Amino acid sequence: METPTADDLLQFRDYSGGAPAQINVNSPTHSGSGGSGGGANAQRQRGDPLQDLIYDMTTSAQGLSGGGSSGGSQPQNSPLDGSGGGAGGGARISFLTIEYYQQFFNVDTYMVLERIANSMIPKRAAGNYLRMNIGENPDLYGPFWITVTLIFSIAISGNIASYLHHASDGYLWHYNFHLVSYAATCIFLYANILPAVLWALFKYSLKPVDAADTIETDSATYTPSLLSLMCIYGYSLAIYIPVSILWVINVSLLQWILVITAALLSGTVLIAVLTPALRNSKFSLFLIIGILSAHVVLAAGFLLYFFHSPPDAKLAAITPTPAAPAPPAALKAVTQAILTGGNGNQSH
Amino acid sequence: MDSKLDMFEDVNTSPSLEGDMSIPGKRTTTATNASGVPDYNTLDEPIRETVLRDIRAVGIKFYHVLYPKEKSSLLRDWDLWGPLVLCTFMATILQGSSSADSMSDNGPEFAQVFVIVWIGAAIVTLNSKLLGGNISFFQSVCVLGYCLTPVAIALIVCRVILLSHQTRLLFFLRFVTTTMGFAWATYASFIFLGQSQPPHRKPLAVYPIFLFFFIISWLVLSHN
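Sequence order for the protein chains is L and B.
For the first sequence, the working numbering begins at 1 and goes up steadily by one.
For the second sequence, the working numbering begins at 1001 and goes up steadily by one.
Chain L extracted, bound-state conformation (with noise of 0.2 Å):
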């Protein structure tokens, strides 16, 4: 009885001493490519060198963030070392470091361009793109960037947007730096608090796991964590960039048409990329609800706040719009529904 078990003992410490070196090859982006056996698509086969371009730089990179983390990247470490790629090289160092802090910058130029991409275009990213591209490594660098550049773009466009609305007028125009301000306080607790509130939810409202069908759950659903939904959502406002300047132009029509075009696309991506986490969920349609109005409503709020400040340029935007419906009207409705929805969902 005792020579069996110590054999397999022996040959479990030999497969655990091999098996993170696999996992590690696999880990960054590569298993992205590796997956495509099961849902092969063009994109897939695509983007197939380009990912290998990812996991490339991605190894060096872990390379060169140094410390403890260079296990990563090397199979010949101790399995302690390999075994959670960049997740786990997190947990032996002190987050007083600056190495702890560049696991979260851990991006190329390539990665970053594509995440903004995949943030902006519906159906561009792979279905696993939450579990296996932003759950593998989710990075801070394009939230923090996308959120300041945000605030600026909109600061400056709105002072841009009351310069001309001033420029026919003798009157003598001053610039409002305030609006910085405003708009730093509004994006930052956007990009923060909705994330985080989200992921609570997630949490809250997560369903049993069948035990019968645990393989397909594995593969189809997936709960980001609080790092991956801060990411995704800092990167799903920079649809918002492009078209702050455009909101310069005053035309109501237009400003609401691209007010309704950023938010359903960048909203739709959103909802796309987590429905994994969504299809774990037991409120999943009132999330999906919440997620499209609080984008639509930050757009419409960009829009309604720091582009038409006077009052009577307010009423006079909304009115000759046919095609939005009385837009503040509706979203307010639709902001009562979904507080009211929330606040039935937390007494349940």
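Note that these hints are calculated values from the structure, not bench results.
Mixed in with the good hints there might be a few duds.
Stated by the list, open to error - Pairs of lysine to aspartate or glutamate, EDC-like flavour, derived with a Cα cap of 20 Å:
# : chain 1 : residue 1 : chain 2 : residue 2
1 : B       : Lys1202   : L       : Glu114
2 : B       : Lys1129   : L       : Glu99
3 : B       : Lys1129   : B       : Asp1079
Because the structure is a prediction, the values reported are computed rather than measured.
Could you slot chain B onto chain L? The hints should help.
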């Protein structure tokens, strides 16, 4: 792959830049004679010479920013005197006057400009450190601060232009001046800081620098 990794690890571990760092007062200490004694003694010399030497070091850095060719001198001896002078000067000019009519004048406060410059430089530097750049914190802050010189010159020109009655042509002149200052500052800081990043991350480190100077140039342009 292995060779690539080795190369980056070499870059990461070699303390070449940090090793050369010294405070500007001791800049000429490196030019010691054979016995290791410096050429001057700060205890015996008149205080005027000490101050003048430091001022000369600051002036040389201003010159290097305006004529960005040699990239090592700004990195070797960092100081924060130039950034402090520039930042204080710009914040003083840019602050909105709260005296006359506080309703219409919504310019930034002195502290807001000051904080944008210093916190902005710190965040840009932190970003390049987090991306894995091999440059020390204050070297980068020093370079970013000194690279504000073209923007500050653009601010002086704009201030002079603003003295006369405003027309569209004068606004266009201000716009051109500010754009030139912005391009100059970005180019100079790119020359000094661009080498500190691995090549596939260079745009990620350069973009925040671009944004930093763009925001300050916007403040300069919209000041009236």
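Quick rundown of the hints versus the structure:
This hinted pair checks out: Lys1202(B) and Glu114(L) have alpha carbons roughly 16 Å apart, not beyond 20 Å. For the hint linking Lys1129(B) to Glu99(L), the alpha-carbon distance of about 10 Å falls within 20 Å, and the restraint holds. Proposed proximity of Lys1129(B) and Asp1079(B) is supported: the alpha carbons are some 19 Å apart, at most 20 Å.
The structure shown violates none of the earlier numbered hints.
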